[in-house]
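J.: The residues making up each chain are set out below.
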Amino acid sequence: MSRIEKRLASLNGKKALVAFYTAGDPDLSASKDIFAVIEKNGADIIEIGVPFSDPLADGPTIQASSHRSLQNGTTLKKIIQLVADIRKTSELPIILMTSFNPVLVYGQKEFVADAVKAGVDGVIIPDLPPEEAEEFLGLAEGLDMVFLLAPTSTPSRIEQVGKISKGFIYYISLTGTTGTKESLSAGLEEKVDEIKKSVSLPVLVGFGVSGPEQAKQAAQISDGVIIGSAIVKLIEAHSDPAERDLKLAEFLASIKKAINP
Amino acid sequence: MNKHNLPDAKGHYGKFGGKYVIETLMPALQELQTLYEEAKEDPKFKEDLSYYLKHYVGRPTALYFAERLTKHLGGAKIYLKREDLTHTGAHKINNTIGSALLTQRMGKKRVIAETGAGQHGVATATAASLFGLECDVFMGEEDMKRQSLNVFKMRLLGANVIPVTSGTRTLKDATSEAIRNWITTVETTHYIIGSVVGPHPYPMIVRDFQKIIGEESTRQIMEMEGRLPDTCVACVGGGSNSMGLFYPFLKNNEVKLVGVEAAGLGVDTDKHGASLTKGSPGVLHGMKSYLLHDDGGQVTEAHSISAGLDYPGVGCEHSYLKDSGRATYASITDAEALEGFKLLCTKEGIIPALESSHAIAHVAKLAPKMKKDEIILVCLSGRGDKDVNQIADRMGVSL
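If you read the sequences in order, they're chains X and U.
Numbers given in my numbering equal positions in the first sequence, counted from 1, plus 964.
Numbers given in my numbering equal positions in the second sequence, counted from 1, plus 1291.
Think of the hints as simulated: they come from the structure by calculation, not from any bench.
Per label pair, the in silico range of CB-to-CB distance:
no. : chain 1 : residue 1 : chain 2 : residue 2 : range
1   : U       : 1325      : X       : 1158      : 18 to 26 Å
2   : X       : 1099      : U       : 1545      : 32 to 40 Å
3   : U       : 1687      : X       : 1099      : 49 to 57 Å
4   : U       : 1619      : X       : 1080      : 39 to 47 Å
5   : X       : 996       : U       : 1325      : 42 to 50 Å
6   : U       : 1680      : X       : 997       : 49 to 57 Å
7   : X       : 1158      : U       : 1337      : 35 to 43 Å
8   : U       : 1665      : X       : 1080      : 52 to 60 Å
Derived pair list, reagent style BS3-like, types lysine-lysine, alpha-carbon separation capped at 30 Å:
no. : chain 1 : residue 1 : chain 2 : residue 2
9   : X       : 1041      : X       : 970
10  : X       : 1161      : U       : 1301
11  : U       : 1569      : X       : 1041
Beyond 12 Å from chain X on every Cβ pair, some chain U residues (computed):
no. : residue
12  : 1339
13  : 1349
14  : 1373
15  : 1422
Every residue, glycine too, gets a C-beta built ideally from N, C-alpha and C.
Using the sequences and the hints given, assemble the complete structure.
T.: What follows is the structure in structure tokens.
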């Protein structure tokens, strides 16, 4: 069993909290501190975002965060080093969320080897759908590749993704890009039900889950929530590290409480 | 027989192409492919398309023997395929009419587009007006400045022009923003991509709508010269006019195909748009193709005097043709393109688009080295009205 699978299995029906933030925003040393704060405040899995110049699935918050990170000189190599460093003191499952091009340029084989060695547990590559993932999957020994499903996914795609995804299914709660939204999409419950009927993996809900109320609703109908833009916004808004860590802790605690009352 | 029957079933051109997009869009791409395959076999669709191409766009466009230019250069005979004479003044309309008809067939009421020089934006706004569709065009703020005339035209035609302020504020970011909008509106909106780029089936559909350039050229040159040209030349940004010209000639191995990229300030500087000449394989905007990017996989800025060639990627079929050796790719600097522009103005009385001026500038290098009985067929992809202000600025003339 992988770290991700173990962690999710250990929840025994409790809802999972997955937290996302962009590596290198505001800088890589802060990224290590932020990881510790998120871990301490109850995240079950941490998704570390790899910045990309053209993040097509991201709304303005993560786009701006990616941009700041790249301005700081963040690279995939440095992020893998960051994970190795974090792994010395943490056993929390770590997923890298990245666009495909940085991985392709790194070398798919070399990337897998270096990531596994550093202690990365899984990857989410939104622009590498099952149709294009064959080569990477063949090389990804030791990494759980988490695939996504969306409100537009057809029954046959749900079945296909259910077969190849590892760890969990990332359900995109809305037809849109990442970012905080006023409310969850209509039809969310029906779609998650539909997926859960044909897939045995846990289904976690992300994109547009921004506060405790939405997290609570999303968790009631799924196996957990993924929160990204709201965290990135919080980090952006507080340049003082002590205050940032405090606000982050409060926010995560409120989510944790909302999903597992 | 045409041996080049690509893409394959998965939308790959050798190792290039594909569908590198988020799950949300995958079903729409599948639907588009099915719908397109039905449409292209449907006599009614074919009839409608050729009706509008003939009576509205003004096809077939002329193939014109550029006699004074030929004499001036002193070598091969130069023929111009006059896409600049189409309604809206560039080849882009061939694709937008076809795509608007597909949109109608889908029952969708809204289209979106990205635009660099504004030619594709104007062509999409035109087709949207013609077929009563709502139209939003994404355009980089920087390009809106360079191409203010086209911005105004799009608005006159009833389209919304949405300024894109992210990244380099040019075509790359306009494309990214259009894709993001499509991710959000895919259930009601058709995205009309302006070039042979993007996820499958787009590069194939746009090529198919543009191949009329090469089909007409073949027929016309056979009538005028009784034989095929020795060399075809066209500019390459995303590469739709060149793909449209090249495609019908792919089976004729004796016809050389030459694409001309933007060398900007020079391919050895970091200010150019020559993805095929200087890039390496990468994934951007839903496809694998040659790409300008750094050693961390971050896409780098392209540069060209011409907004339409100012793009760090290139159509995936061109990447395939480059690697297979069937086509070759040259590049022309900003300064050379301006010379090409002036040459056509003064020798033939034709004001070409800056994009097409790159092709002319390359012909000016090529023709003198060829024999007088050889033939070059060059795609004059668009007219230069949109560029006149920018060129006046550069010449220090205030209008």
